[in-house]
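Trainee: Those protein sequence lines, which keep their order, are chains A and B. If you're matching positions, the first sequence starts at 0 in numbering that gives the first Met the number 0 and goes up one per residue. If you're matching positions, the second sequence starts at 0 in numbering that gives the first Met the number 0 and goes up one per residue.
Calculated from the structure, these hints are not laboratory results. Computed from a predicted model, the values in this text were never measured in an experiment. Don't take each hint at face value.
For the chain B half of the interface with chain A, some residues (derived, Cβ under 8 Å), not all of them [stated by the list, open to error]:
1) G10
2) A28
3) S37
4) I79
5) L133
6) V139
7) Q152
8) R154
9) R158
10) Y174
11) P194
12) I196
13) R200
Here a beta-carbon is modelled for each residue, glycine too, at the ideal position from N, C-alpha and C.
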Amino acid sequence: MGSLIEARGLRYRYEDGTEALRGVDFDLDPGETVILLGGNGSGKTTFVLHLNGLLRGEGEVRVCGMAMGETNLASIRRKVGVVFQDADEQLFMPTVLEDAAYGLLNLGYSRGEARSRASAALDRVGIGHCAHRAPYHLSGGEKRRAAIAGVLAMEPEILVLDEPTTSLDPPGQRELVELLRTLPQAKIVTTHDTGLARGVGTRAVFFEAGRVAGSGEVADVLNRFDWEAYRDREASR
Amino acid sequence: MHLDPDAWSRGDSWLHRRDGRAKLLALIALLAGIGTTSAPSAYAAIVGVLALVSRLPLRGIAMRAALVLPFTMTFAAVSILGGDWARAQAVIARSLLSATVVVVAIGVTPFASLLRAAERMGAPRLLVQVTQFLYRYLFVLFDEAARMRWAAQSRGGFRWDAAGGAVAVLFASSYQRAEGIHRAMLSRGFQGSFPAIDATRFGAPEIAMTAGVVALLVAMRLIWGV
Numbered sequence: 000m001g002s003l004i005e006a007r008g009l010r011y012r013y014e015d016g017t018e019a020l021r022g023v024d025f026d027l028d029p030g031e032t033v034i035l036l037g038g039n040g041s042g043k044t045t046f047v048l049h050l051n052g053l054l055r056g057e058g059e060v061r062v063c064g065m066a067m068g069e070t071n072l073a074s075i076r077r078k079v080g081v082v083f084q085d086a087d088e089q090l091f092m093p094t095v096l097e098d099a100a101y102g103l104l105n106l107g108y109s110r111g112e113a114r115s116r117a118s119a120a121l122d123r124v125g126i127g128h129c130a131h132r133a134p135y136h137l138s139g140g141e142k143r144r145a146a147i148a149g150v151l152a153m154e155p156e157i158l159v160l161d162e163p164t165t166s167l168d169p170p171g172q173r174e175l176v177e178l179l180r181t182l183p184q185a186k187i188v189t190t191h192d193t194g195l196a197r198g199v200g201t202r203a204v205f206f207e208a209g210r211v212a213g214s215g216e217v218a219d220v221l222n223r224f225d226w227e228a229y230r231d232r233e234a235s236r
Numbered sequence: 000m001h002l003d004p005d006a007w008s009r010g011d012s013w014l015h016r017r018d019g020r021a022k023l024l025a026l027i028a029l030l031a032g033i034g035t036t037s038a039p040s041a042y043a044a045i046v047g048v049l050a051l052v053s054r055l056p057l058r059g060i061a062m063r064a065a066l067v068l069p070f071t072m073t074f075a076a077v078s079i080l081g082g083d084w085a086r087a088q089a090v091i092a093r094s095l096l097s098a099t100v101v102v103v104a105i106g107v108t109p110f111a112s113l114l115r116a117a118e119r120m121g122a123p124r125l126l127v128q129v130t131q132f133l134y135r136y137l138f139v140l141f142d143e144a145a146r147m148r149w150a151a152q153s154r155g156g157f158r159w160d161a162a163g164g165a166v167a168v169l170f171a172s173s174y175q176r177a178e179g180i181h182r183a184m185l186s187r188g189f190q191g192s193f194p195a196i197d198a199t200r201f202g203a204p205e206i207a208m209t210a211g212v213v214a215l216l217v218a219m220r221l222i223w224g225v
């Protein structure tokens, strides 16, 4: 079976001239959970925004064998579910249930089917009891789960999570690790959280200045790039 | 800040379960009746029954409806100064009853359903979408503004010359947030509209409710002349 995601020579420059990606090669195989590590501005988030066509740079991206392009965009977005860093931006519908059903209705499911699948997705992530609440009234952990449910409901083959432990307290972080472990999809997770990386990652890729600087076992990559010590130094500045 | 304007509308009553369009139509009819009657107190019984059927806290309804009083009292005072007591009373009764009907209607209808009803009755979709986003993110923006104010207070207090900068920052962060929301929408297949899972439809109870309210109002006007 081939790679779920293949990126070759990916380059991207923002309008202000910042060169965010300078030739990234990347593969995601079925069953993998790849952790993207790297400092702020290293290109991790820019890279994941290329995986469902939100940004388009030079180079090649293939998802489940489909080349990135207008004709495949809807199919690719169905295959790749992206959970964004700021859950408030992801939960834009008036209630949690309506938000979880949003993508399903766009896929053409009937109201009844969308409602039951959305409810099942909320139960799956443990916030079925919040279905009729407004997203604004959820705690940080509940918001994160609701955002994941909205993506899971669409049954993607690949889950992309951008900094999923941001603003979660330690119990919330542990619960998220447990939840991610139970999800069968191949995953790409960008994070600074070494606990999350060790907890769910099967492989790590280290980004530096818009390039992949190294790849391998999570513990090896963390050690090779002295990542935990580096983070400690950064934090103490 | 933790305002919850939808707390009442998550309740359950016969009125809560009705389609938003029926409630909007009945509301418009009642407001027209109250606004044009010569004897507003005759409508108090209808408004009272609606408030009871809604199962909302009566004291809460009264307090919210009373928010119109400062404005109406001003007009009433002008009438009293002109020596027209009856007119002053009518102005106050009309505005209080109208406010009560609106408070009850909004209290039994989630804001999203109200907007959806407006859209299904022909309100421009873009206007409805903008209002929906405004309602969703207004409180997030309030929180952001409150945090900025705290940051300013922690460093010596509020200054007018800094307020302009703060507004600019708030605008920039709102713009950035809007971009983020748009990305999240595209990722889940946004095609220009917000399909609803709201399953309510304009069925027999809705027809009965709307027709009943209109028939009652017409009868009051034609038979009893109020």
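Trainee: Each hint needs a verdict: does it hold in this structure or not?
Mentor: For each hint, the structure was consulted:
{"no.": "1", "hint": "G10", "in the structure": "11 Å, violated"}
{"no.": "2", "hint": "A28", "in the structure": "26 Å, violated"}
{"no.": "3", "hint": "S37", "in the structure": "41 Å, violated"}
{"no.": "4", "hint": "I79", "in the structure": "43 Å, violated"}
{"no.": "5", "hint": "L133", "in the structure": "12 Å, violated"}
{"no.": "6", "hint": "V139", "in the structure": "6 Å, holds"}
{"no.": "7", "hint": "Q152", "in the structure": "23 Å, violated"}
{"no.": "8", "hint": "R154", "in the structure": "21 Å, violated"}
{"no.": "9", "hint": "R158", "in the structure": "29 Å, violated"}
{"no.": "10", "hint": "Y174", "in the structure": "12 Å, violated"}
{"no.": "11", "hint": "P194", "in the structure": "4 Å, holds"}
{"no.": "12", "hint": "I196", "in the structure": "5 Å, holds"}
{"no.": "13", "hint": "R200", "in the structure": "11 Å, violated"}
Checked against the numbered hints listed earlier, the structure breaks hints 1, 2, 3, 4, 5, 7, 8, 9, 10, 13; every other hint is satisfied.
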